[in-house]
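There are 2 protein chains.
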Amino acid sequence: MIWRRSKILVTTSSIQIIPIERIQEVEKGADVALLLMESLRKNRQTIKTGDVIVVTHKIISKAEGNVVDLESVSPSSFSIKSGKHLGKDPRLVEVILSQSRRIVKMVKGLIIAETPHGFVCANAGVDQSNVELGKIVLLPRNPDQSARKIRDAMKETLGAEVAVVISDTFGRPWREGQVDVAIGLSGIEPFVDYRGKTDQYGYNLKATVICTADELASAAELCMNKLDRVPAVIIRGYPFKRSEVSARSLARKPSRDLFR
Amino acid sequence: MIWRRSKILVTTSSIQIIPIERIQEVEKGADVALLLMESLRKNRQTIKTGDVIVVTHKIISKAEGNVVDLESVSPSSFSIKSGKHLGKDPRLVEVILSQSRRIVKMVKGLIIAETPHGFVCANAGVDQSNVELGKIVLLPRNPDQSARKIRDAMKETLGAEVAVVISDTFGRPWREGQVDVAIGLSGIEPFVDYRGKTDQYGYNLKATVICTADELASAAELCMNKLDRVPAVIIRGYPFKRSEVSARSLARKPSRDLFR
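So the protein sequences, as listed, match chains F and B. According to my numbering, the first sequence holds residues 1 to 260 in order. According to my numbering, the second sequence holds residues 1 to 260 in order.
Any given hint might turn out to be false.
If chains are identical, the list can't say which one is meant, so a pair holds when it fits in one copy or spans any two.
[As the list claims (entries may be wrong)] Using 25 Å as the maximum straight-line C-alpha spacing, the simulated BS3-like pairs for lysine-lysine come out as follows: (1) Lys105 - Lys253; (2) Lys226 - Lys28; (3) Lys42 - Lys88; (4) Lys88 - Lys149; (5) Lys42 - Lys241; (6) Lys48 - Lys206; (7) Lys28 - Lys81; (8) Lys105 - Lys206; (9) Lys149 - Lys42; (10) Lys149 - Lys241; (11) Lys206 - Lys84; (12) Lys81 - Lys105; (13) Lys155 - Lys42; (14) Lys42 - Lys197; (15) Lys241 - Lys226; (16) Lys42 - Lys84; (17) Lys108 - Lys197; (18) Lys241 - Lys84; (19) Lys197 - Lys149.
It should be emphasised that the hints constitute simulated quantities derived from the structure, not laboratory data.
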């Protein structure tokens, strides 16, 4: 068979999702970027300009000391009543409220809340898994800034211009199960906006705006493992646009929210 | 440097997302599996047992003739009134209603509807993009069956045991932008259920069920392009569990739906 070069016009290339493994246990005060780079070195992995690094928020929060000891919490009288009603530890309710600016739903053992960042999720993002028993991990205070720190360190130490996405696992209405989404961003435009573009038939795509930041977080989750400590992955080959947009822009504005 | 094999214990491996390009224009009656295999051959790509093939529903619907000519639609009196109220073509409203079993929201030029499959999405999944002008593409009638046909054909012709995911682009409450989700499945368990499992600290993950089928669809979207005709991708290296679960199981059951 004759190999005809012109026949192998591949315009989009493939994307790789590469787990960063053997990341050390993260203690308060740890430098996450340093831990990631140490693992990369141990794993003989490299990072390249154009990579997207997705990091679960949990190791960020732990490093930043955004962890609460349940023992230290004194629930308010509302948290006690509400905890009894929902079948939840009143101290946990107290912590959830402390991390919320609006309660969306309180029902059947569940609190759906809006965080100060604007994200709507179960328990305002606080979580008891993958942390010492009796402790609760909160969301990072400023996940964009946490992402930025990792990005800057990679640039400085490795010379690689990467983008960083901080992820969390969120449920969603109407569909079973949870998926990973982006809650912190640095160096990446989170949306691909097709509005005003025309398809091959000349149709104007009026409403299509893809939240690729969330898709990157979801893709990364496929390589993570909630039990085996793979809290970060490299996504290589995804051609993103550089930008300094905050992940807060992923939270729907109240004026555009049909389900508020 | 001494290469120490034991030091490179990588337990999770990387995942590849590979676009299947140069898929021919899909006409009514086309065999999608055949078109995909033809493209693979032209692109000198292979498919392997264990691959997940993600296909956008649009080429399935077109092949299955699930396309409506707007000219042929006579809107009901409700569709006329509602179209006027919403600022939508009454014929489009008529088609949306014909594809719905429940209207969730009708507001600001938008109809959020529940399809007979149980999926809640804008316009009951009907879409005017990437089809001849004046035509509307509906969701496949039975996306699981469409997935099954592709899977069976790949098995028979190429000897590869793949899983097939049919995807669509859905908006979601509380977050800006849309992401791709799974609406048809064959040969793959859509959830990874951590309930009852314990993390490294002995904490019992009470509520964590990841919808990896949706994450696979989202990951695939990163390699697709709404304008350049990449309607299918191969996801390689994702270790999924085989199952014959319907994608309808991804639609939240009314009894479990807090936002119904």
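Evaluated hints:
With identical chains, the CA atoms of Lys105 and Lys253 are at most 25 Å apart both within one copy (18 Å) and between copies (18 Å). With identical chains, the CA atoms of Lys226 and Lys28 are at most 25 Å apart within one copy only, with a shortest distance of 20 Å there and 44 Å across copies. When the C-alpha separation of Lys42 and Lys88 is checked against a cutoff of 25 Å, the pair qualifies neither within a copy, at 42 Å, nor between copies, at 58 Å. For a Cα distance limit of 25 Å, the shortest separation of Lys88 from Lys149 qualifies neither inside one copy, at 36 Å, nor across copies, at 47 Å.
Taking CA atoms no more than 25 Å apart as the test, Lys42 paired with Lys241 passes in neither setting, with 30 Å inside one copy and 31 Å between copies. Proximity of Lys48 to Lys206 under the C-alpha cut-off of 25 Å is found in neither arrangement, the shortest distances being 35 Å within a copy and 38 Å between copies. With identical chains, the CA atoms of Lys28 and Lys81 are never at most 25 Å apart, being 33 Å at best within one copy and 61 Å at best between copies. Taking identical chains as interchangeable, the C-alpha atoms of Lys105 and Lys206 lie at most 25 Å apart only when they sit on different chains, with a minimum of 19 Å there against 32 Å within one chain.
In this homomeric assembly, Lys149 and Lys42 come within 25 Å of each other (Cα to Cα) only inside a single copy, at 22 Å, whereas the closest approach across copies is 45 Å. Taking CA atoms no more than 25 Å apart as the test, Lys149 paired with Lys241 passes inside one copy only; the shortest distance there is 19 Å, against 37 Å between copies. For the identical chains of this complex, Lys206 and Lys84 are inter-copy neighbours only, at 19 Å across copies versus 48 Å inside a copy, given an alpha-carbon limit of 25 Å. For the homomeric pair Lys81 and Lys105, the shortest alpha-carbon distance inside one copy (16 Å) is at most 25 Å, but the shortest distance between copies (34 Å) is not.
In this homomeric assembly, Lys155 and Lys42 come within 25 Å of each other (Cα to Cα) only inside a single copy, at 19 Å, whereas the closest approach across copies is 40 Å. Taking the closest pair of Cα atoms, Lys42 and Lys197 never come within 25 Å of each other, the shortest separation being 45 Å inside a single copy and 29 Å across copies. Proximity of Lys241 to Lys226 under the C-alpha cut-off of 25 Å is restricted to the inter-copy arrangement: shortest distance 17 Å between copies versus 30 Å within a copy. In this assembly of identical chains, Lys42 and Lys84 lie within 25 Å of each other by CA distance neither inside one copy nor across copies; the values are 48 Å within and 64 Å between.
Taking identical chains as interchangeable, the C-alpha atoms of Lys108 and Lys197 lie at most 25 Å apart only when they sit on different chains, with a minimum of 22 Å there against 45 Å within one chain. Within a single copy, Lys241 and Lys84 get their C-alpha atoms no closer than 48 Å, and across copies no closer than 39 Å, so neither meets the 25 Å cut-off. In the homo-oligomer, the alpha carbons of Lys197 and Lys149 never lie at most 25 Å apart, since the shortest distance is 35 Å inside one protomer and 33 Å across protomers.
Of the hints listed earlier, those the structure fails to meet are numbers 3, 4, 5, 6, 7, 14, 16, 18, 19, in rising order.
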